[in-house]
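Visitor: Given next are the chains, with one letter for each unit.
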Amino acid sequence: MATEPILYTVGVAPHLRSRTSIAALNWTMVLALLPTEIAGAVGHAYGSASGGQVDLGTMSQTLTAVASGLGVEAASLWFLGIMGTLTMALGLGMLVEYLTQVLMRQPYRALDGHGALMGALLGLMMPPTTPWWVLFFGILLAIVLGKQLYGGIGGYAMHPAVVGWLILLLSWPHHLYPIGSASIAAASVWSVGATLAGGLFLWWQGCIRPQIPIAALASVAVFSLLFASRLNGGPLDQILDGHVILGAFFLATDATSSPANRRALWIYGAGFGFLTVLIRAFGVWPDAVPFAVLLMNILSPLLDRLKPRMREVRAS
Amino acid sequence: MTSAGLNLSVKIGKPRLWQRLCGVADFSCPLSVSPLAFRDLGLPPMLSFFLGRSQGQVIGPAVLVGDEVSPGQALGKIDDKSFRPSPVAGVIRAVRECPDIQAGPGGTAVLIEPASAVTAPVFAALDAKSAAVEAVMERWRVAAIRLGNRPRSLLVDALSGTASLVVLVSDQEPGVRVAASLLAERGDDARRAVALLARVSGVQKLWVGAAATQSEAAGRLCPSSATGLLTLPARYPHTLAPMVAARTGDAQALVVSLETALAAYDAVVHGRLQEHKLLTLVNSRGASIENLQVAMGTRLSDLVAACNLRLHSGDKLVAGGLMGGTSQYSLEAAVDEGVDALVHVPGEEVVPFTDEPCINCGACIDVCPLRLQVQNIGRYSEFGKFSEARAYGLDACIECGLCASVCTARRPLLQLIRMAKRELAQQAAADEAVREASGGD
Ligand code: SF4
Ligand code: SF4
Numbered sequence: 001m002a003t004e005p006i007l008y009t010v011g012v013a014p015h016l017r018s019r020t021s022i023a024a025l026n027w028t029m030v031l032a033l034l035p036t037e038i039a040g041a042v043g044h045a046y047g048s049a050s051g052g053q054v055d056l057g058t059m060s061q062t063l064t065a066v067a068s069g070l071g072v073e074a075a076s077l078w079f080l081g082i083m084g085t086l087t088m089a090l091g092l093g094m095l096v097e098y099l100t101q102v103l104m105r106q107p108y109r110a111l112d113g114h115g116a117l118m119g120a121l122l123g124l125m126m127p128p129t130t131p132w133w134v135l136f137f138g139i140l141l142a143i144v145l146g147k148q149l150y151g152g153i154g155g156y157a158m159h160p161a162v163v164g165w166l167i168l169l170l171s172w173p174h175h176l177y178p179i180g181s182a183s184i185a186a187a188s189v190w191s192v193g194a195t196l197a198g199g200l201f202l203w204w205q206g207c208i209r210p211q212i213p214i215a216a217l218a219s220v221a222v223f224s225l226l227f228a229s230r231l232n233g234g235p236l237d238q239i240l241d242g243h244v245i246l247g248a249f250f251l252a253t254d255a256t257s258s259p260a261n262r263r264a265l266w267i268y269g270a271g272f273g274f275l276t277v278l279i280r281a282f283g284v285w286p287d288a289v290p291f292a293v294l295l296m297n298i299l300s301p302l303l304d305r306l307k308p309r310m311r312e313v314r315a316s
Numbered sequence: 317m318t319s320a321g322l323n324l325s326v327k328i329g330k331p332r333l334w335q336r337l338c339g340v341a342d343f344s345c346p347l348s349v350s351p352l353a354f355r356d357l358g359l360p361p362m363l364s365f366f367l368g369r370s371q372g373q374v375i376g377p378a379v380l381v382g383d384e385v386s387p388g389q390a391l392g393k394i395d396d397k398s399f400r401p402s403p404v405a406g407v408i409r410a411v412r413e414c415p416d417i418q419a420g421p422g423g424t425a426v427l428i429e430p431a432s433a434v435t436a437p438v439f440a441a442l443d444a445k446s447a448a449v450e451a452v453m454e455r456w457r458v459a460a461i462r463l464g465n466r467p468r469s470l471l472v473d474a475l476s477g478t479a480s481l482v483v484l485v486s487d488q489e490p491g492v493r494v495a496a497s498l499l500a501e502r503g504d505d506a507r508r509a510v511a512l513l514a515r516v517s518g519v520q521k522l523w524v525g526a527a528a529t530q531s532e533a534a535g536r537l538c539p540s541s542a543t544g545l546l547t548l549p550a551r552y553p554h555t556l557a558p559m560v561a562a563r564t565g566d567a568q569a570l571v572v573s574l575e576t577a578l579a580a581y582d583a584v585v586h587g588r589l590q591e592h593k594l595l596t597l598v599n600s601r602g603a604s605i606e607n608l609q610v611a612m613g614t615r616l617s618d619l620v621a622a623c624n625l626r627l628h629s630g631d632k633l634v635a636g637g638l639m640g641g642t643s644q645y646s647l648e649a650a651v652d653e654g655v656d657a658l659v660h661v662p663g664e665e666v667v668p669f670t671d672e673p674c675i676n677c678g679a680c681i682d683v684c685p686l687r688l689q690v691q692n693i694g695r696y697s698e699f700g701k702f703s704e705a706r707a708y709g710l711d712a713c714i715e716c717g718l719c720a721s722v723c724t725a726r727r728p729l730l731q732l733i734r735m736a737k738r739e740l741a742q743q744a745a746a747d748e749a750v751r752e753a754s755g756g757d
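From first to last, the protein sequence lines stand for chains L and C.
For what it's worth, our numbering labels the leading residue of the first sequence as 1, then goes sequentially.
For what it's worth, our numbering labels the leading residue of the second sequence as 317, then goes sequentially.
In case anyone wonders, no lab produced these hints; they're calculated from the structure.
Mixed in with the good hints there might be a few duds.
Stated by the list, open to error - From the derived model, a few chain C residues whose C-beta atoms are all more than 12 Å from chain L:
1) G372
2) S398
3) T543
4) R695
5) G709
Said to hold, decoys possible - Just a few of them, taken from the derived set where beta-carbon distance is under 8 Å, the chain L residues facing chain C:
6) L7
7) Y8
8) T9
9) G11
10) V12
11) H15
12) L16
13) R19
14) I22
15) L25
16) I153
17) G155
18) T256
19) A260
20) K307
21) M310
Said to hold, decoys possible - Taking lysine-lysine and the DSSO-like style, the derived pairs with C-alpha atoms no more than 30 Å apart in a straight line are:
22) K521(C) - K445(C)
23) K307(L) - K737(C)
24) K307(L) - K397(C)
Note that CB positions come from ideal geometry on N, CA and C, so glycine has one too.
Chain C on its own, in the form it takes in the complex (with noise of 0.2 Å):
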């Protein structure tokens, strides 16, 4: 059990002395979940806002430089249908390529000097208990609340055809402690948000999942019987989405965070747009070092100056977590809904992977929470055989990434398991689209 307070150094490969005497090459990867402060960065003199797509579309520009803004305004459209609304008001300084922080280059942001901080709700207040299902979803669409998985999704949409959600009020990475701390500041309103939650969605099921070590704080979150408590083991990858999914049984369930639930919250009740994110500073070992709240669109170079991180050639600035993150190639990109933490590494810590072949050492099955035939996985999918590296789990793989962590070859194990099933998602669509055409003849 992780007690309140301690750190939570990750140690990687490196498993007790009795797992040793097992022979269980398991480690120990403990989530803390005492709460951290946040400190508010303010806002920076300049925000991005990236466009990115929707439903495979791309989102263009709504505004052109010079325009003024007002908090709400659509920064971004597909035809007539207005996307992302700016939570500022200001002016538009740049439009332009920027990176995208999630997945890299290929996409349009919109810069925008901000005025001031917005204090006055942008939409009417709806009472949480009474609003129509309607006026609420409506407001979400409106208010553009958006998951942070990947690729971003809106509230809405990922509700409309799920049958169970879970409110997961654990952090998911390792050293983050956003939800942890938000569970312990915002109780209350965590409480009616999922209220707000289990009478909107329409989901049959509305789980509140929680580490065992906060199964107390989480369990007031759930007053009705409708609601389940999903108590979680306080280890990665066990709060990681796709784990806590599979625990309600229900394996597309939706899993929304604290911070997302709180927003959609927010959204209806006080008229707010998501202004801010809260993201935790974690060092290259997984341990947290400060948190922090800042505003939605910060630019990288922003937050990297206000956190004092020294950068040098060759380091690693992860956003979004050491275990599933996304590893940044400019201080353009800018904080959106899905980081959840800033991460660097300095370059002597930096591990590159390899192409050696597989040793067979076992050190991935071991790992690997679902027990998987990662070395067999890798193996194939590395030569183009993905349709045999399903037959050793591809598809039940969570990409939670132990296996890579610990790879003796230091294989990039992730990575061939997501070309294998993006190879294999893409077979099956192409075969889909013909059986299509063959039929409609």
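One chain only, chain L, in its complex shape (with noise of 0.2 Å):
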């Protein structure tokens, strides 16, 4: 009887085995936004934020006008255009880390959802009305110089996407800040609820570690009621209040850019919640939180030397 021989997978030990992975990681992390996408647009399209102010340079609008052609309703489509936008900043994010992979001979990671996350936290930070060509800037700095040239996934030291916004705002501060309009992320308190909502999915996936959220919520409270008299609004004010949640959740939280030991970590949220206040009270710029983040990325490798103290096995 000639039968197939069997061909055994052999593998090095454990055996048993977590099915996470990066991927998983990172696309869990791209669909927790998807509220937060929802809410924004629909807080833009058909709340009070922005609508109004049209000049056909951005890529919503393009896309409204296009589509108004059809005889839909403005709203609809202004809502429409800017998920568009945000699909297409997605997108952009892993095409422009595919082609740096190409060019640098690395393997191909696109698909790791690392590039799409940066692109899609990258598309949320900003207003609506900014410019396309803006955010396809944003999207190739943040790709190009805040990961790739550090070697990628886990070799970079501050948020890609945060590096890539920053420089936007040096360059095009009105396109960030323009008068009258909020990022996508802040465009309510509702868009800002939808992204609790999300970070507390992340947390309930264990995709994020609690020690972050938790630790710099707490902190933008207490420093928020300390430096009261230069800032408007409470507590939880400054808590809904702009990128904070944003920043907590899904910025500070970045695995390669954050510390990787748990005390490091309550300290490393608390800085962040600290900076934050701290650059809204004194600051010239409107949203701290970006600054905040990247201040405590550059700290990270220093406060991972808290480690934690080898655990002792006693004798019982």
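Mind docking these for me? Both chains are given alone in their own frames, and the hints should help you get the complex.
Guide: Given below as structure tokens:
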């Protein structure tokens, strides 16, 4: 009886393995951003936020203009335009990552979702009135300068999306902070709430380590009481304002640019909250979160020196 | 607490809710101690005995094809010293290259067609209470009582030079229920075996190591004050030999399984060789399926057939437990002292390791029982910086494999750790040799 020889899989121990992966982690985070995207788009399209000022320079507006020829209601088109922009940002992140990996002769990892996550985050941190080429440039900078030049995932020291955002801010502040318009993620209290829901979902899924958001939100609350005289609004306003929730759950928790040890995570989160309030109270920029994330990223290797004490195995 | 009879499926990377809320990425990996009856698989048509090495030297065959062997006759030799007594009577059918069940290719095995099961004792019976220490030791040597460690070593060799000895009555790997079942079946013999070891082993301190859930049964094994009871959490990896040794306060302590202790006892009192190996058939998620009693030297092909395992290309067959066992590439390998478990992992459940970079997520640190900086050990080891890896706790690692179980980037962390340890040991040996050579001039 001739049968095919059976070829077994051989591999090193352990053989009991978790099925998590980098791709699962990143795509779950992209998924967790969906509520923010929808709430932000709804906020801008149907709310009072922007809608009006049309100069056709933006992707969203171009899409809106194209589709309005088909006779659909303006607000819905505006909504679809924003969602389309965010999807484009996500795809662009993957494309840029793929191209740099081809150029750098790296193994292709674009499908692991990290580029997509960076694109989506960057898109969310911009107002819908941003011209499409600014967004494109931001993603290019984020992936090339923020990530791939450091060797790609696992190698960068600072959150790529935040790096991209900051370069844009320094180059075209009026596009990132136009008068009377907030970023998509900060469109309304609903989009902030949706971000919170997405963040809690990530915590539940074990994708982020809860120390960072807990410490961050607590320290924002505490320090905004301390600096109350220089801020408008109480601790809750400070937490719900701008990108604090997004920063605490999605930006500061990025695995590569945050510390690995638990004690360090508490300090890292608390430092993020402190810097956010400090920059808000004394700085010139309206939103301090990206600066705080970046500064804490730089400190993170230092914080990781706070190793946990090696656990002793004691006789019982 | 694991109650008896509960299933013991292992959840890797799935912390319980409260653990998640507190940010403890710990995971539950309970070890069941409820006994399971052993099914005797009987004598297969062919037995295979791997000769392997003894203290670095290759053991050569001492028999020729066609020879008849009797129980106790040596199958291998180095110079004039004989090794590997045959536990059965039979005819040598082949002497050929065979895979080693714990280390893969590279050795000779002797294949015997067994005549019948052994019934009569091979050696004269000794009295456990009064036999001279030398006589007992000699008996253990000729009966070749071996430990299931890596690489296998003789009990007598391991005993010389150890100050503490632990008889471990709980199982080390998830799903394995050999020791727990043996304790229930042969509790009285176990007590006498411990007493015998206490009398002749010459160690300063003898411990009985037991999971907290079986401390009552284990307590009966140590009547005298010289024997201490070591209560261990009933969770992997707290019953793993290096962890148990560390708990005695003497990291060099020798840990022997209850099965080995009973084999040593049987060799003395009943004059028997270790004819059987007990093992548990475990599923890919760490739940025990059944307990088996197989003839020592049973080949995996016979074992797989007797267990009705349907194997396909791409599946993994692991001998020796999910966390530390060896995946097999051929069914020619045969059961020996170290095989406490057989696991069949279907191809679709195999999670391959990758060469992705570490993303610094910290899952490995959270799960490590010693809280080592595994991410840095892995990174340095990957790039050949082994002494830097040492600064992050490499030497303390007990090789439980949990870090590699949960790694987000699916990095082969355990492999990297073992490589670093091995390279450092080789470097140290080379340095030592140079120092000796220059000192001798
Ligand atoms: S194998 Fe990994 S988890 Fe286990 S002790 Fe070593 S470093 Fe820690
Ligand atoms: S679990 Fe893996 S990816 Fe995460 S820190 Fe440890 S080695 Fe790095």
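Visitor: It remains to establish, for every hint, whether it holds in the given structure.
Guide: Here's how the hints hold up against the structure:
no.	hint	in the structure
1	G372	holds, 23 Å
2	S398	holds, 33 Å
3	T543	holds, 14 Å
4	R695	violated, 9 Å
5	G709	violated, 6 Å
6	L7	holds, 5 Å
7	Y8	holds, 5 Å
8	T9	holds, 5 Å
9	G11	holds, 5 Å
10	V12	holds, 5 Å
11	H15	holds, 5 Å
12	L16	holds, 4 Å
13	R19	holds, 6 Å
14	I22	holds, 6 Å
15	L25	holds, 6 Å
16	I153	holds, 6 Å
17	G155	holds, 6 Å
18	T256	holds, 5 Å
19	A260	holds, 4 Å
20	K307	holds, 6 Å
21	M310	holds, 6 Å
22	K521(C) - K445(C)	holds, 19 Å
23	K307(L) - K737(C)	holds, 21 Å
24	K307(L) - K397(C)	violated, 52 Å
Hint compliance for this structure: hints 4, 5 and 24 are broken, all remaining hints hold.
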